[in-house]
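*Asks:* Each residue of the sequence shown is one higher than the one before, starting from 1 at the first, in UniProt numbering.
Because the hints were derived from the structure by calculation, they are not lab data. We put the beta carbon where it would ideally sit given N, CA and C, even for glycine.
Below 30 Å or equal to it, Euclidean Cα-Cα: the simulated DSSO-like pairs (lysine-lysine) are:
#1 Lys-115 with Lys-229
#2 Lys-348 with Lys-229
#3 Lys-348 with Lys-171
For each label pair, taking beta carbons as the anchor points, the in silico distance ranges come out as:
#4 Thr-45 with Glu-280: 44 to 52 Å
#5 Gly-328 with Glu-8: 49 to 57 Å
#6 Glu-93 with Gln-337: 21 to 29 Å
#7 Glu-280 with Met-10: 23 to 31 Å
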Amino acid sequence: MDEARLHEFMGKLVGDMGAAATLANVILGDELGLYRAMADSLPTTPDALAAKTGCHPRLVREWLNAQAASGYMVHDKGSFVLPEEQAMALALEDSPAYMAGGAAVVAALFHDKDKLVAAMRGDGGLAWGDHHPCMFSGTERFFRPGYRTFLVAEWLPALDGVVAKLQAGAKVADVGCGHGASTLVMAQAFPASTFVGYDYHGPSIATANQRAEEAGLGARVHFQQATAKDYPGHDHDLVCFFDCLHDMGDPVGAARHAYRALKADGTVMLVEPYAEDSLEGNLTPVGRLFYAASTFICTPNSLSQEVGLGLGAQAGEARLRAVFEEAGFTRFRRATQTPFNLILEARK
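Start from the sequences and build out the full structure, keeping to the hints where you can.
*Replies:* Okay, here's the thing in structure tokens:
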């Protein structure tokens, strides 16, 4: 045994345990409004922050100490500052860098641990709807900043001729829409088009319809409970899958249904977690996050459904291409990418 390597690994493990505990504190700060109360990046004291947020001052002091020890805040002579850069990620929900809301997904992993133990000792299945409720809200809040930042400005323009169709008036299906964040972003940008979001999870559909009404989009945006293989229509200009195809038990069947749902000149936009085609290419911080999430969420959800292909969140472009070619598509390309996503285009 190499004792130096043991100590090095123990240091890494302590760091990871500290990171996990810090994420719990991030969820706390997000829910209590502590980060938002410091978003002006001005110095504050524990007592002042406690008074501003209605929280217990001794616990606020301990929370601030933990934030400083994690490098999330700057401490100087009893005062604490949330720097502008950290505020972008932790306090400002409209920021493209906002991440705090997505920390609730990590909380769900711990809530659901016993369910994963049973899945691993059983048939491998854990359905999306059987997760803790914070999974659903956390997933929406994790993905929404990226959709707001990139979807209209970069992803749709990277597809051949799609923006012109949307501007003129297109029919769009958003499959696996969840709470409808992606659907509503597109609908707000393209008022001549109509949008329907489909998801098999009934509570998510109810939330999405509420979001549409709140946004004043209920006249041309609606959400309907359906699977990826039974939603209606054969005249769509655009069918979208946002961060969901790899979760499905039968992604080939879902792609085949999309083929039938499209017009002859229609397009599928497939947004998937960024991944290379090999494990070695995914041994990165992003790959680490997505493999860990996929163990608890994506792969067991697929295994809970018919076929149970189990692509996983790090499927990679080559495997996704094979899915669409098996479904009958003849054109498939990477349209663009971000550090977190692959944006792929499929045509008949």
